[in-house]
Every structure is written in structure tokens, then in C-alpha cells.
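Listed in order, the protein sequences are those of chains A and B. The opening residue of the first sequence carries number 159 in the numbering used here; numbering runs sequentially from there. The opening residue of the second sequence carries number 25 in the numbering used here; numbering runs sequentially from there.
There's no promise every hint is true.
To be verified - Looking from chain B toward chain A, a few residues come up when the C-beta cut is under 10 Å (computed): (1) Asp62; (2) Ala73; (3) Gln75; (4) Ala171; (5) Asp229; (6) Val231; (7) Tyr245.
Stated by the list, open to error - Below, a list of computed lysine-lysine pairs in the DSS-like style, where the Cα atoms sit at most 25 Å apart: (8) Lys208(A) - Lys173(B); (9) Lys64(B) - Lys224(A); (10) Lys64(B) - Lys189(B).
Stated by the list, open to error - Computed far set for chain A versus chain B, every beta-carbon distance over 10 Å: (11) Asn186; (12) Phe253; (13) Val272; (14) Leu287.
No wet-lab data here; the hints were simulated from the structure. A quick note: this is a predicted structure, and the numbers were derived from the prediction, not measured. Ideal Cβ placement from N, Cα and C applies to all residues, glycine included.
Here is what each chain is made of, one letter per residue.
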Amino acid sequence: AAAPTSLTLNFAVPHATIHRNATIFQANVPAVSGDMGILAAHVPLVDQLKPGIVEIVQSAGAKAEKYFVSGGFVTVTPDSIINISAVEAAPLEHFDLETAKRNLDEAQRSDSPVNRIEAEIYQALVTALTQSK
Amino acid sequence: MPNLKLIAMRLKSVTNIQKITQSMKMVSAAKFAKAERDLKAARPLGIAAQQFYKSADIQSDKEQPKEIFVALTSDRGLAGAVHSNINKNIRAQLEAKIAAGGPSAIDNCKIICVGDKSRAFFSRFFPKQILMVGNEIGRLPPTFNDASKVANAILSSGYDYDTGKLLFNYYKSVVSNETTELPIYSQELVLSSENVSVYDSLDADVVQSYMEYSLASLIYYCMKEGATSEQSSRMSAMDNSSKNAGEMIDKLRITFNRTRQAVITGELIEIISGAAAL
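Work out the full structure: start from the sequences and follow the hints.
Here's what the structure looks like:
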């Protein structure tokens with residue numbers, strides 16, 4: 159069969175669907191093994207996502223939509239369907255840098271496992287927000 | 025002739041029942057509207073979670089694989105046939121195994137009862153197969169957190185299953201839902217399947233994390249479907265109940281009036297025959 163030439167995206171969180179069967183050009187995901195860009199006919203893979211930015215580029219040269227995800231999984235099937243499944247995700251513009259910094263300081267104050275995970279997520283959020291300024 | 029007072033008491037109690045079932049129907053209708061909205065959002069997540077396993081097409085090659093059945097019911101009854109459909113489905117599957125291979129054929133099968141309704145059923149019929157029970161289900165709409173707890177309990181149960189089935193009611197419409205099963209697999213089975221080796225950079229760690237996450241997603245999806253089916257089924261059941269109660273009230277009123285008139289006629293006859301005797 160000919161290699162598929164388009165990338166079909168399903169991007170969902172438990173309580174909402176962000177993209178469903180959307181044809182896109184490229185997706186950049188923050189995988190645990192490293193940030194990767196996925197285009198059409200990418201090799202099939204399954205990878206865990208660390209907290210960070212998922213960028214969706216609808217067509218070549220278009221501006222990327224940025225979403226901050228708290229973590230989750232990305233799978234690419236052999237027929238060029240990419241599924242991004244996150245526990246929580248929201249457009250980057252919806253986040254406030256000052257509140258994120260404040261929450262990061264609070265989370266870093268104690269060392270319980272919950273706080274460490276919170277700190278990791280807020281750190282990624284603060285980095286993402288400062289980089290996008 | 026039945027006592028006038030008895031009929032009056034019965035009339036009052038049936039009227040109360042009608043009021044109660046009416047209000048239960050209203051409450052269910054409100055919960056159903058919310059559940060259906062949540063389901064619309066959750067369905068793509070469920071479909072995406074199933075896609076990996078569907079395209080991997082994993083088969084177990086053991087003769088008697090260790091199986092678990094996860095019965096996703098809830099604690100609350102008066103919901104029509106939803107809970108009994110799931111329970112009977114599992115019982116039929118277990119009985120088919122017994123018919124094929126004798127009573128020891130189900131030693132490898134365990135049941136995880138999510139919700140009191142399945143627990144009550146299986147502790148009567150298959151008490152030895154119950155592995156775990158979960159309750160406090162059904163009061164509030166299911167969240168991803170609840171699903172993660174169930175997934176965690178399954179994975180840390182210590183029971184080394186090869187394959188499993190999630191049983192739930194797939195919501196088709198307000199008046200119809202269908203008992204469906206979704207397959208779940210163990211980690212060794214996924215890793216040893218040939219279609220899975222096509223995936224790049226897949227090591228045991230990633231598979232384990234992915235399986236934990238997708239199990240929680242699948243359970244979340246099944247819980248959402250189940251909740252919607254349950255609320256719509258309860259809505260119809262309570263609606264039928266109120267209609268039946270209404271019919272009974274009409275019949276009882278007629279009987280009450282006839283009895284009242286018969287009593288009055290009886291008194292008149294007594295008075296007239298008494299006067300005639302003088």
C-alpha cells in the first residue's frame with residue numbers, strides 16, 4: 159500500500175475532545191524520550207508524554223496551536239493516525255505566568271510525592287510560558 | 025366485600041408511590057442529560073484507547089488462559105434491566121465454560137465486582153470467583169480519578185491474568201442500550217504479539233506505563249457509557265412505574281366509590297326494612 163500522505167489527529171482529555179479526526183501537517187510532542195516532531199507516515203510508536211507543550215500545525219507554514227499538557231500518551235498507528243491522550247490539557251494562552259510561578263514556589267516548599275509532581279508540572283509550565291513571551 | 029378503610033389506605037399508599045417514582049424520574053432525567061453530555065466528550069477518548077489494541081490484534085495462545093471479568097455496575101437499583109443484563113451475561117459465559125469443560129473449567133476465571141449490584145448477584149452464584157469488590161459507585165458521576173482507582177486495584181490485585189473483559193452497557197439511545205465487552209490484555213501478551221513489534225522504540229517500561237494509562241482510560245469510558253445507560257434506563261423504569269401507579273389509582277377509585285355506594289345502600293335497606301317492620 160502507498161505510504162499515507164496525511165496525518166490524522168485525535169487529541170482528547172477525559173472530559174473533553176480537542177481534536178477529532180483532524181487532518182494536520184505536523185505535531186510536536188514532549189515525549190519522555192525527548193521532544194519529537196511527527197509528520198505523515200511516521201514510524202508507528204507509543205510514548206509517554208512529560209508535562210510540556212504540544213504544538214499542532216494544521217498545514218505547512220501555518221502558525222502552531224500550542225497546548226500545555228500535564229502528561230499522558232502519544233501513539234502513532236501504522237496507518238498514520240496519531241492519538242494524543244492527556245489527563246489535562248489547555249491552550250497555552252489560558253495560563254497566567256504569575257500564578258504559575260506562585261504555585262511553583264508553594265509546591266517546592268515541601269517534598270511529598272504529590273508536591274514533587276506538582277512542582278515538575280509547574281516548572282514545565284513556567285518554562286513554556288517564559289519561552290513563548 | 026373489602027373494607028372501605030382498607031381500600032382508602034391502599035389508595036393513599038399507591039398515590040405516594042406514584043409521587044416518589046415521578047420525582048425519581050425527574051432526578052434521573054436531569055442526571056441523564058449531564059451524563060450524555062459527558063459521554064459525548066468521553067467517546068473519542070474511548071475509541072482512541074481501543075485503537076491501539078484493535079490494530080495490534082492480540083490473541084492468547086494458551087489453552088486455558090487466566091481470565092478476569094470486570095462487571096461495571098453500580099450500587100443503586102430501580103434502574104430497569106441494566107445491572108441484571110451484565111450479571112446474566114457473565115453468568116452465561118461462565119456456565120458455558122462449565123458445560124464445555126466441567127466445574128473446574130472456571131477455576132481460572134475471576135470476577136471483579138464494581139458496584140454492589142454485581143456483588144450481591146455473584147456472591148449468590150459464583151462466590152469463589154469474586155476477586156475484588158468496589159462500592160460507593162453511582163452516587164456521583166464517574167471521574168477519571170475513580171477509573172484510575174479501579175485500574176490500579178486490578179493491576180495490583182496480585183492476580184496474574186492473561187486476558188480480561190470489561191462488561192458494561194453501551195448507550196445507544198434513551199430507550200435502548202446494549203451489553204458490550206471490551207478486551208483487556210496482560211503486559212506479556214502485548215509484548216509477545218507480532219503486530220506490536222512494528223512499533224518503534226517500544227520497551228517494557230513504556231508498554232507498562234501505556235497499559236496502565238489505557239486501562240484507566242478504557243475503564244473511564246466504560247463507566248461513562250454505563251452511567252448514561254443506567255440513568256436513561258432508570259428514567260424509563262420510573263416513568264412506567266408512575267404510569268402503572270396511575271392506572272391502579274383509577275381502578276382503586278372506582279372500587280372505592282362502588283364500595284362506598286354499596287355501604288350506603290346497605291344502610292338504607294336496613295333503615296327501610298326496620299321501619300317496615302314497625
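The hints, checked one at a time:
{"no.": "1", "hint": "Asp62", "result": "7 Å, holds"}
{"no.": "2", "hint": "Ala73", "result": "7 Å, holds"}
{"no.": "3", "hint": "Gln75", "result": "6 Å, holds"}
{"no.": "4", "hint": "Ala171", "result": "8 Å, holds"}
{"no.": "5", "hint": "Asp229", "result": "9 Å, holds"}
{"no.": "6", "hint": "Val231", "result": "7 Å, holds"}
{"no.": "7", "hint": "Tyr245", "result": "9 Å, holds"}
{"no.": "8", "hint": "Lys208(A) - Lys173(B)", "result": "21 Å, holds"}
{"no.": "9", "hint": "Lys64(B) - Lys224(A)", "result": "24 Å, holds"}
{"no.": "10", "hint": "Lys64(B) - Lys189(B)", "result": "23 Å, holds"}
{"no.": "11", "hint": "Asn186", "result": "17 Å, holds"}
{"no.": "12", "hint": "Phe253", "result": "21 Å, holds"}
{"no.": "13", "hint": "Val272", "result": "13 Å, holds"}
{"no.": "14", "hint": "Leu287", "result": "25 Å, holds"}
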